[in-house]
Amino acid sequence: MAHAQGQQHPIGVYLKIWGLLFVLSAASYAVDYFQFQGYLRWFLILVFMLLKAGLIVAVFMHMLWERLALMYAILVPPLLLLVLLGIGALEADYTFLTRGTFFGTQSAVPSVPR
Amino acid sequence: MTQPVLTGAGETLPTPEGFQGIVADYSSDQSAFKKVPWGKAMMWIFLVSDTFIFGAFLISYMTVRMSTTEPWPNSSEVFALTLWGNHIPLLLIAIMTFILISSSGTMAMAVNFGYRRDRVRTFVLLLITAALGASFVGMQAFEWTKLITEEGVRPWGNPMGAAQFGSTFFMITGFHGTHVTIGVIFLIIVATKVLRGDLDRQRPGFLTGRKGNYEIVEIMGLYWHFVDLVWVFIFAFFYLW
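Chains as they are written, first to last, in the numbering used here: chain A, 1 to 114; chain B, 1 to 241.
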């Protein structure tokens, strides 16, 4: 055997996923085009984003057909970013309030009478 | 004389599935990632580290956007184009998204034809992928030019609102564009190897004595799909949010 056979799947799988990614991209563009706002906008953006990312990793990058040992080694560590996300959000809130207090036009706390 | 008993041949060991499979793979005292060439495992690990780089960029973007007291520029308007008298929001970005997804599709098919030893089709698909990637970089250059010269966006400020808009935009899209550019170069190198038949004749690479084979097309593909993957997140968080 010259070398081990790699990932072998019918071409149709890739074409279907390709089409699906086009539809999902069009859908996320439509979110902006029709100017959805507020929580609906954020929810739709996140859903379409996660679906697209999942399809790319699972099918185009063949993660679906790898053994669990590789899946877990690759997919679990990035979840640590959620901790950084939380820290960033906390810090940003604090900075925002501090800026409002010291530089804002409308002060977050009532000004002290002189 | 008796034949020596062959031990430690990974393929002959039972490979259970599920959680037992994870334990068996990691404790097998051999390579942990079964049926995965080491080059592919290394590319995956590099991609995890790259995930952290882009993750850190996007999270710092979130942090500065949340903490600014100035209004954030409306990306839908900033990136709008006027074509034939019609004002279309985010048009260029949408086209760039579709181009990158198409290049991912052609890349996936190139990997497939590579494993089928279809040299010419693999080469053509890799070249189409590289061309789509290059056009993406070209559009990004156009986008940057428009933003700098017409909208007056600078890393330290812009007329529309929060100064952090420019700094995060140039940082994140610049880093992504660099990745695409490196990917295009990488694609052209791999395409050349495919067309020359290096991979069929197992000719060693330029920097290594290892024999060439079609796994490098899949490894290249992983990098390219990752670039597309990062764009999915940038598109969602920077342009649409």
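Read the hints as simulated data drawn from the structure, not as lab findings.
Please note that a few of the clues may not be correct.
Claimed, not checked - For the chain A half of the interface with chain B, some residues (derived, Cβ under 7 Å), not all of them:
hint, residue
1, Gln8
2, Lys16
3, Leu21
4, Ser25
5, Ala27
6, Asp32
7, Phe36
8, Leu51
9, Gly54
10, Gly86
11, Phe96
Claimed, not checked - The calculated lysine-lysine pairs, modelled on DSS-like cross-linking and capped at a C-alpha distance of 30 Å, are:
hint, chain 1, residue 1, chain 2, residue 2
12, B, Lys35, A, Lys16
13, B, Lys146, B, Lys34
14, B, Lys35, B, Lys146
15, A, Lys16, B, Lys146
To be verified - Beta-carbon label-pair distances, calculated as ranges:
hint, chain 1, residue 1, chain 2, residue 2, range
16, A, Val47, B, Ser28, 26 to 32 Å
17, B, Pro155, A, Asp93, 22 to 28 Å
18, A, Trp42, B, Ile188, 17 to 23 Å
19, B, Glu151, A, Val13, 39 to 45 Å
20, A, Trp42, B, Thr15, 28 to 34 Å
21, B, Leu195, A, Glu91, 20 to 26 Å
22, B, Ser31, A, Arg41, 26 to 32 Å
23, A, Gly38, B, Pro155, 26 to 32 Å
24, A, Gln35, B, Leu195, 43 to 49 Å
25, A, Tyr33, B, Asp118, 38 to 44 Å
26, A, Arg99, B, Ala131, 45 to 51 Å
27, B, Pro71, A, Glu91, 41 to 47 Å
28, A, Asp93, B, Gln202, 24 to 30 Å
Remember, it's a predicted structure, so these values are computed and weren't measured experimentally.
Glycine included, every Cβ here is placed at the ideal spot set by N, Cα and C.
Here is how each hint holds up against the structure:
1. Gln8: Result: holds, 6 Å to nearest chain B Cβ.
2. Lys16: 10 Å, violated
3. Leu21: 5 Å, holds
4. Ser25: 5 Å, holds
5. Ala27: Violated. Min distance 11 Å.
6. Asp32: Hint on A/Asp32: holds, closest Cβ of chain B at ~5 Å, below 7 Å.
7. Phe36: With Cβ-Cβ at 10 Å, over 7 Å, it is violated.
8. Leu51: 10 Å, violated
9. Gly54: Not OK, violated: A/Gly54 not within 7 Å of chain B, min 10 Å.
10. Gly86: 10 Å, violated
11. Phe96: Status holds, d = 5 Å.
12. B/Lys35 - A/Lys16: Given that 30 Å is the threshold and the Cα spacing comes to 26 Å, the pair holds.
13. B/Lys146 - B/Lys34: This hinted pair is violated, its Cα atoms lying about 49 Å apart.
14. B/Lys35 - B/Lys146: Violated, at about 48 Å.
15. A/Lys16 - B/Lys146: Violated, at roughly 36 Å.
16. A/Val47 - B/Ser28: 26 to 32 Å: With a Cβ separation near 39 Å, A/Val47 and B/Ser28 fall outside 26 to 32 Å, so the hint is violated.
17. B/Pro155 - A/Asp93: 22 to 28 Å: 25 Å, holds
18. A/Trp42 - B/Ile188: 17 to 23 Å: 39 Å, violated
19. B/Glu151 - A/Val13: 39 to 45 Å: 42 Å, holds
20. A/Trp42 - B/Thr15: 28 to 34 Å: Given range 28 to 34 Å: violated, Cβ gap about 43 Å.
21. B/Leu195 - A/Glu91: 20 to 26 Å: Given about 52 Å between the Cβ atoms, the range is violated.
22. B/Ser31 - A/Arg41: 26 to 32 Å: 46 Å, violated
23. A/Gly38 - B/Pro155: 26 to 32 Å: With a Cβ separation near 30 Å, A/Gly38 and B/Pro155 satisfy 26 to 32 Å, so the hint holds.
24. A/Gln35 - B/Leu195: 43 to 49 Å: Since the Cβ atoms of A/Gln35 and B/Leu195 sit about 48 Å apart, the hinted range of 43 to 49 Å holds.
25. A/Tyr33 - B/Asp118: 38 to 44 Å: 40 Å, holds
26. A/Arg99 - B/Ala131: 45 to 51 Å: 47 Å, holds
27. B/Pro71 - A/Glu91: 41 to 47 Å: 21 Å, violated
28. A/Asp93 - B/Gln202: 24 to 30 Å: Cβ of A/Asp93 to Cβ of B/Gln202: about 58 Å, so the range 24 to 30 Å is violated.
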